Amino acid sequence: MSDVAIAVKNLSKSFKIAHQRDGLPGYRTLRDDLIGLPQRMLARWKRNGQLTSETFWALKDVSFEVKKGEVVGIIGRNGTGKSTLLKILSRITEPTSGGADIYGRIGALLEVGTGFHPELTGRENIFMNGAILGMKRVEIQRKFAEIVAFAGIDKFLDTPVKRYSTGMYVRLAFAVAAHLDPEILLVDEVLAVGDTEFQQKCLGKMHDVSAAGRTVIFISHSMEVVSRLCPRAIWLHEGQLISDGPSDAVIAKYSDAGDRSAIQT
Amino acid sequence: MKYTICRTAAQAFIFSVPGAWPASGNANCATIQSSKPLALRERYLKIAPLSTESSIVTTVAELSATPIRTQARQQKPTFRIRPTKGWAAINVRELWKYRDLLWILVERDTKLLYKQTALGVAWVVMQPLIAAIIFTVVFGRVARLPSDGAPYLLFVFCGLTVWTYFSQALQHAGNSLVRNAQLVSKVYFPKLLLPLAQTLRGVVDFTVTLVVLLVLMAIYRVPPTFRLAVLPVFLFFMTLTATGVALWFSALSVKYRDCTHALQYFIQVWMYASPVVYPISMIPERWRPLFALNPAVGFIEGFRWAVLGHSVLNPNLLCITIVMSLVALFSGAFFFRRAERGFADII
Numbered sequence: 001m002s003d004v005a006i007a008v009k010n011l012s013k014s015f016k017i018a019h020q021r022d023g024l025p026g027y028r029t030l031r032d033d034l035i036g037l038p039q040r041m042l043a044r045w046k047r048n049g050q051l052t053s054e055t056f057w058a059l060k061d062v063s064f065e066v067k068k069g070e071v072v073g074i075i076g077r078n079g080t081g082k083s084t085l086l087k088i089l090s091r092i093t094e095p096t097s098g099g100a101d102i103y104g105r106i107g108a109l110l111e112v113g114t115g116f117h118p119e120l121t122g123r124e125n126i127f128m129n130g131a132i133l134g135m136k137r138v139e140i141q142r143k144f145a146e147i148v149a150f151a152g153i154d155k156f157l158d159t160p161v162k163r164y165s166t167g168m169y170v171r172l173a174f175a176v177a178a179h180l181d182p183e184i185l186l187v188d189e190v191l192a193v194g195d196t197e198f199q200q201k202c203l204g205k206m207h208d209v210s211a212a213g214r215t216v217i218f219i220s221h222s223m224e225v226v227s228r229l230c231p232r233a234i235w236l237h238e239g240q241l242i243s244d245g246p247s248d249a250v251i252a253k254y255s256d257a258g259d260r261s262a263i264q265t
Numbered sequence: 001m002k003y004t005i006c007r008t009a010a011q012a013f014i015f016s017v018p019g020a021w022p023a024s025g026n027a028n029c030a031t032i033q034s035s036k037p038l039a040l041r042e043r044y045l046k047i048a049p050l051s052t053e054s055s056i057v058t059t060v061a062e063l064s065a066t067p068i069r070t071q072a073r074q075q076k077p078t079f080r081i082r083p084t085k086g087w088a089a090i091n092v093r094e095l096w097k098y099r100d101l102l103w104i105l106v107e108r109d110t111k112l113l114y115k116q117t118a119l120g121v122a123w124v125v126m127q128p129l130i131a132a133i134i135f136t137v138v139f140g141r142v143a144r145l146p147s148d149g150a151p152y153l154l155f156v157f158c159g160l161t162v163w164t165y166f167s168q169a170l171q172h173a174g175n176s177l178v179r180n181a182q183l184v185s186k187v188y189f190p191k192l193l194l195p196l197a198q199t200l201r202g203v204v205d206f207t208v209t210l211v212v213l214l215v216l217m218a219i220y221r222v223p224p225t226f227r228l229a230v231l232p233v234f235l236f237f238m239t240l241t242a243t244g245v246a247l248w249f250s251a252l253s254v255k256y257r258d259c260t261h262a263l264q265y266f267i268q269v270w271m272y273a274s275p276v277v278y279p280i281s282m283i284p285e286r287w288r289p290l291f292a293l294n295p296a297v298g299f300i301e302g303f304r305w306a307v308l309g310h311s312v313l314n315p316n317l318l319c320i321t322i323v324m325s326l327v328a329l330f331s332g333a334f335f336f337r338r339a340e341r342g343f344a345d346i347i
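Those sequence lines, one after another, are chains A and B. Residue numbers are given in my numbering: position 123 of the first sequence equals residue 123, and the series is strictly consecutive. Residue numbers are given in my numbering: position 291 of the second sequence equals residue 291, and the series is strictly consecutive.
Since the hints were made in silico from the structure, they are not lab data. Hints should not be assumed to be uniformly reliable.
Unchecked claim - Derived lysine-lysine pairs resembling DSS-like cross-links, with alpha carbons at most 27 Å apart: (1) B:85 x A:16; (2) B:85 x B:97; (3) A:9 x A:60; (4) A:162 x B:115; (5) A:136 x B:97; (6) B:111 x A:143; (7) A:136 x B:85; (8) A:9 x B:76; (9) B:85 x A:9; (10) A:67 x B:115; (11) A:201 x A:155; (12) A:60 x A:253; (13) A:136 x A:162.
Small disclaimer: the values here were computed from a predicted structure and weren't measured.
Turn these sequences into a full structure, and let the hints steer you where they fit.
This is the structure we're talking about:
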């Protein structure tokens, strides 16, 4: 098919997990690296160039294609590479091998309220957050009224967001992100917050986005949301693609496997 | 606080400078297993035009009008995601695309710095002024350092105008990535903007300090001359230098948090290695070319030449300064680009 939005080919991503030597902190210091250098070189020489630290594959050989206008849900347990996949597709991190071709402007919403600063007012944060998500200043200005109305915070526009309630904060953050106009939208589990009414509003917005012909990739732990919003689902398990197809079938397989492993353990 | 004379200054050198090599070496390891051919440039250069209408409308329009072009567009990805390694080009085009974000970052940090402070912007004036008074007492009165015939306070304030910019820009820009760790690991944008926004923001404070300098000139009845017109040129190269050095520190501090601590010592050592409290005439003639390798020397001497009027500016010294500031900028930028791809994973 020619109208492909995302083509992922043999995508793999590994992390080196350095095994902590007796209670050292997780981050590295220059001193540790310098002291450990001869040791590491020796180890490397002994093992013929292989690294000593263990390699953890967050994603292993994942391939799939998403067509323009498709809405795809990604499901799977915690720590199976779902977020890593979105991070690679949104170019935040690089794959270790394999790759992906993206056709269109990407907007990624991996976390609600990225770049929000507590000291800044709601108004200032809308511009900040919008710019961080890749909007132009004029674009934000044009959509400003709409964003404020969606979040329902017009009274508190000039209050620092540190004085906002959690709900207001989340609403504002989602409102900005919802008014991004990308051709491809990547969304990580962000609907788990807010009250039911706002969640409905968000789902409605996501539905509008897909109805407008945009491609959406959507991570969720809520099978109900996935089956309602996404015709197609992809199930990742331990970094590997287990199943890809109509969401009802994939969800059925997934919950079946979940039940079985629950019985086994 | 940043001018207090501190413990082992030499530590700063040990910690800061050699860190460069292990960092770049390891950054490479993560991408060594790449099997596909690299498409390094393409990743950055092909950016889809910003469409304001819904994509469906545009596609339909293109299909009916120019089917061949649509075909071509569909075959060429907007960007390819592939593992990369080695050196990467500085993508000026992408930086330009994100210029709105740069200005918003500059604006944000200017606003943030003096929020909930009673004196607000007055701190911009106070910092160099208090330091100048302390230095005048300690180095001018007590130690009796020469000042090439100028009033010591004005003499030292010239140096401090330059130096305050450097130390503020370096401190803020050097820590900018670590402080914005959440942004670095959660959104895609050229990370170079974070330190760059800080060095540009410093220009605002610098301008305020410059006004104080003019007031001091009036108080000491030093007539302003046409030479003041070259100050923006000095400022431009100062910004380049500060950006370059800050890029090294910010990129290194992602991996080695030591850098955030080492930075303040580095700044102190650098200040005493620059003629802030003493005139360049105290340095023996034959050592001056070596001394000039420190770009701050050229800027401070340039400022004194422009403001005090009676020193002579050595053109060779200026050339070395300009070359060094470009070296700082480009080495910093290339190192940063090389380290950048690992930021989200290790920050």
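A quick look at each hint next to the structure:
1. B:85 x A:16: holds (17 Å)
2. B:85 x B:97: holds (24 Å)
3. A:9 x A:60: holds (11 Å)
4. A:162 x B:115: Holds, because 13 Å separates the two Cα atoms, which is no more than 27 Å.
5. A:136 x B:97: holds (9 Å)
6. B:111 x A:143: holds (24 Å)
7. A:136 x B:85: Measuring from Cα to Cα gives roughly 31 Å; hence the hint is violated.
8. A:9 x B:76: Roughly 16 Å separates the two Cα atoms, so the pair holds.
9. B:85 x A:9: holds (19 Å)
10. A:67 x B:115: Status violated; Cα separation ~48 Å.
11. A:201 x A:155: Holds. Residue 201 (chain A) to residue 155 (chain A) sits at ~20 Å (cutoff 27 Å).
12. A:60 x A:253: holds (21 Å)
13. A:136 x A:162: Since the Cα atoms of residue 136 (chain A) and residue 162 (chain A) sit roughly 25 Å apart, the hinted pair holds (cutoff 27 Å).
Checked against the numbered hints above, the structure violates hints 7, 10; every other hint is satisfied.
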